[in-house]
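Residues per chain, in single letters:
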Amino acid sequence: MAKRSVRMAKWVVSGPPLVYLLVFFAIPALIMVLASFRSPGEFGGLAPLVDEAGKLDINLDSYARFVTETVYLQVFIKSAWYAALTTLICLLLAYPLATLIAKSPRKYRDLLLLLVILPFWSNFLIRVYAWMIILGPNAALARLVNGALAWFGVEPVPLLFSAFAVLVCLVYVHLPFMVLPLYANLEKHDQALLDAAQDLGANGWQRFWRITFPLSLPGVYAGAALVFIPALGIFAIPDILGGPNDTLIGNLIKQQFLETRDWPFGSVLSIVLTVAALALAGIAAWVGRRGGGATARA
Amino acid sequence: MLRRSPWLWATALFAYAFLYVPLLIVVVYSFNDSRLNAEWVGFTLDWYRKLAADDDMLAAAGNSLLIAVTASAVSTVLGTMAGVAMHRYKLTVLPVLVLTPIAIPEILMGVSLLIFFVLLNFTLGLVSVALAHIAFCIGFVAIVVRARLAGMDETLTEAARDCGASPANAFRYVTLPLIMPGVIAGALMAFTLSIDDFVITFFTAGAGTVTLPLQIYSMIKIAVTPEVNAVSTLLMLLTLLLIVVAAKLSPTLLRSDRET
Numbered sequence: 001m002a003k004r005s006v007r008m009a010k011w012v013v014s015g016p017p018l019v020y021l022l023v024f025f026a027i028p029a030l031i032m033v034l035a036s037f038r039s040p041g042e043f044g045g046l047a048p049l050v051d052e053a054g055k056l057d058i059n060l061d062s063y064a065r066f067v068t069e070t071v072y073l074q075v076f077i078k079s080a081w082y083a084a085l086t087t088l089i090c091l092l093l094a095y096p097l098a099t100l101i102a103k104s105p106r107k108y109r110d111l112l113l114l115l116v117i118l119p120f121w122s123n124f125l126i127r128v129y130a131w132m133i134i135l136g137p138n139a140a141l142a143r144l145v146n147g148a149l150a151w152f153g154v155e156p157v158p159l160l161f162s163a164f165a166v167l168v169c170l171v172y173v174h175l176p177f178m179v180l181p182l183y184a185n186l187e188k189h190d191q192a193l194l195d196a197a198q199d200l201g202a203n204g205w206q207r208f209w210r211i212t213f214p215l216s217l218p219g220v221y222a223g224a225a226l227v228f229i230p231a232l233g234i235f236a237i238p239d240i241l242g243g244p245n246d247t248l249i250g251n252l253i254k255q256q257f258l259e260t261r262d263w264p265f266g267s268v269l270s271i272v273l274t275v276a277a278l279a280l281a282g283i284a285a286w287v288g289r290r291g292g293g294a295t296a297r298a
Numbered sequence: 001m002l003r004r005s006p007w008l009w010a011t012a013l014f015a016y017a018f019l020y021v022p023l024l025i026v027v028v029y030s031f032n033d034s035r036l037n038a039e040w041v042g043f044t045l046d047w048y049r050k051l052a053a054d055d056d057m058l059a060a061a062g063n064s065l066l067i068a069v070t071a072s073a074v075s076t077v078l079g080t081m082a083g084v085a086m087h088r089y090k091l092t093v094l095p096v097l098v099l100t101p102i103a104i105p106e107i108l109m110g111v112s113l114l115i116f117f118v119l120l121n122f123t124l125g126l127v128s129v130a131l132a133h134i135a136f137c138i139g140f141v142a143i144v145v146r147a148r149l150a151g152m153d154e155t156l157t158e159a160a161r162d163c164g165a166s167p168a169n170a171f172r173y174v175t176l177p178l179i180m181p182g183v184i185a186g187a188l189m190a191f192t193l194s195i196d197d198f199v200i201t202f203f204t205a206g207a208g209t210v211t212l213p214l215q216i217y218s219m220i221k222i223a224v225t226p227e228v229n230a231v232s233t234l235l236m237l238l239t240l241l242l243i244v245v246a247a248k249l250s251p252t253l254l255r256s257d258r259e260t
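So the protein lines, in turn, are chains A and B. With the first letter of the first sequence counted as 1, position 27 gets the number 27 in our numbering; the numbers rise by one all the way through. With the first letter of the second sequence counted as 1, position 113 gets the number 113 in our numbering; the numbers rise by one all the way through.
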């Protein structure tokens with residue numbers, strides 16, 4: 001009797017969210033996978049499952065197109081390149097910041113960390129828009145840069161609608177995701193290790209490279225995953241701040257669904273993106289765990 | 001004591017400036033008496049007046065509010081259930097379904113829901129957007145609620161059961177009051193996520209329905225106008241307010257020394 005009520009309670013509690021997410025997350029994802037094996041419809045969407053000749057519409061055409069028309073692969077590579085650069089710049093900015101917060105007196109840490117998270121909670125589009133203003137052709141920055149360039153006799157360059165604008169904004173939007181895991185890791189470091197190293201004659205640089213950095217690797221991997229994966233699929237930033245050459249996977253997917261309305265090909269692109277994202281998350285978790293194990297042994 | 005190198009300070013200061021100067025510029029220029037967001041001319045409230053008279057913007061704000069209230073209400077109930085279930089039982093499918101939407105790029109959920117709604121002949125609009133928002137908010141609420149439960153003494157619920165309370169009553173009178181701050185924080189978080197969402201809304205709204213972020217998007221695609229600064233400033237103020245309330249209710253939400 002009691003056992004039955006426990007089992008019932010389990011279903012009563014977990015059932016509704018389970019059903020909701022099955023219907024509005026898992027099934028749509030599954031449909032997208034199925035759509036990737038179909039032909040595009042004449043007026044967008046999907047072709048009829050069974051055509052007039054009674055032939056079942058299941059094929060690998062869209063996958064073949066992705067593999068054979070190299071332009072799409074190139075966009076993927078470009079997206080990965082932008083995401084990698086973003087991750088690297090975020091790491092370079094976030095490491096000193098996370099170190100400073102972790103070494104601050106305990107009572108200031110929460111406030112300093114809050115200040116990193118707070119901009120993340122403001123509307124995403126507002127943060128993109130802010131860069132439209134800063135990099136705008138009439139803004140101080142553009143005049144300064146182009147003034148300096150003119151001095152060297154170089155033609156003025158537009159800052160807005162360029163790869164530069166896209167990268168700056170990608171870093172801006174993702175920076176907190178790098179700071180948080182790094183801080184969580186650095187905060188746990190044992191100061192005694194560094195003191196011991198210093199007593200044994202290690203200088204500041206050696207203490208960083210031989211102790212702090214290796215110990216912080218799990219945080220670095222976690223942060224890299226948290227930045228790289230969303231950066232890979234972004235579409236609004238290149239859409240708003242990018243030039244004609246800054247088409248990334250996200251823009252391509254948007255194009256397939258809203259402009260050319262080729263669902264099967266859009267689905268293929270989405271699936272490749274998902275697989276890439278999940279594989280990277282898996283690798284980061286695996287490497288992070290191994291790194292974590294190594295530090296535990298050290 | 002630690003010696004902090006000036007290099008460390010300089011980079012950290014630069015990082016903070018990098019985070020805040022752009023937002024500050026948006027706010028400052030919302031009071032600027034110039035159409036160009038280029039240099040300071042003089043103080044004005046004209047852009048806010050213009051905003052108050054912009055019917056499209058007000059309609060979009062109304063839509064956003066309606067969606068956010070509905071989505072946060074439903075996702076709070078479902079997310080709390082998911083959080084409690086994940087804390088109490090060994091589950092395999094539910095945690096995956098709860099956490100994957102948070103882990104994958106947003107655009108994927110947007111396009112898969114677009115296909116789903118269109119194939120079902122479900123009219124894209126307020127309802128489809130709200131349904132989509134609920135789906136991605138559940139995970140965030142579940143995480144906050146589970147964190148609250150992790151810091152709670154579950155023997156209290158067991159004691160209530162031993163004293164003869166039904167599972168429903170034990171939850172209603174013991175567990176729920178104890179996790180309430182987490183639940184409310186989760187609700188506020190869901191509200192903020194919903195009112196701010198652009199990507200998933202972009203794909204599930206269809207042609208006729210406009211929310212605040214969609215309206216901002218179409219405005220900045222055409223031209224940069226200080227009216228966008230004004231609406232951005234108000235939106236930031238609202239978000240800040242909600243976050244402060246949420247943080248007061250659930251300190252773990254923003255705290256660094258989170259127990260895991």
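One thing to keep in mind: the hints can contain errors.
Stated by the list, open to error - Rough simulated footprint, nothing fancy, chain B against chain A, three-plus residues with beta-carbon under 8 angstroms:
| hint | region |
| --- | --- |
| 1 | 156-166 |
| 2 | 208-221 |
| 3 | 251-264 |
As the list claims (entries may be wrong) - Not everything, but these chain B residues come out facing chain A in the computed CB check (under 8 angstroms):
| hint | residue |
| --- | --- |
| 4 | Val26 |
| 5 | Trp40 |
| 6 | Val41 |
| 7 | Leu78 |
| 8 | Leu113 |
| 9 | Leu119 |
| 10 | Val174 |
Quick caveat, the hints were computed from the structure, so don't treat them as lab data. Even for Gly, the Cβ is constructed at its ideal location relative to N, Cα and C.
Now the hints, each set against the structure:
{"no.": "1", "hint": "156-166", "in the structure": "violated (count 0)"}
{"no.": "2", "hint": "208-221", "in the structure": "violated (count 0)"}
{"no.": "3", "hint": "251-264", "in the structure": "holds (count 5)"}
{"no.": "4", "hint": "Val26", "in the structure": "5 angstroms, holds"}
{"no.": "5", "hint": "Trp40", "in the structure": "10 angstroms, violated"}
{"no.": "6", "hint": "Val41", "in the structure": "12 angstroms, violated"}
{"no.": "7", "hint": "Leu78", "in the structure": "4 angstroms, holds"}
{"no.": "8", "hint": "Leu113", "in the structure": "5 angstroms, holds"}
{"no.": "9", "hint": "Leu119", "in the structure": "7 angstroms, holds"}
{"no.": "10", "hint": "Val174", "in the structure": "14 angstroms, violated"}
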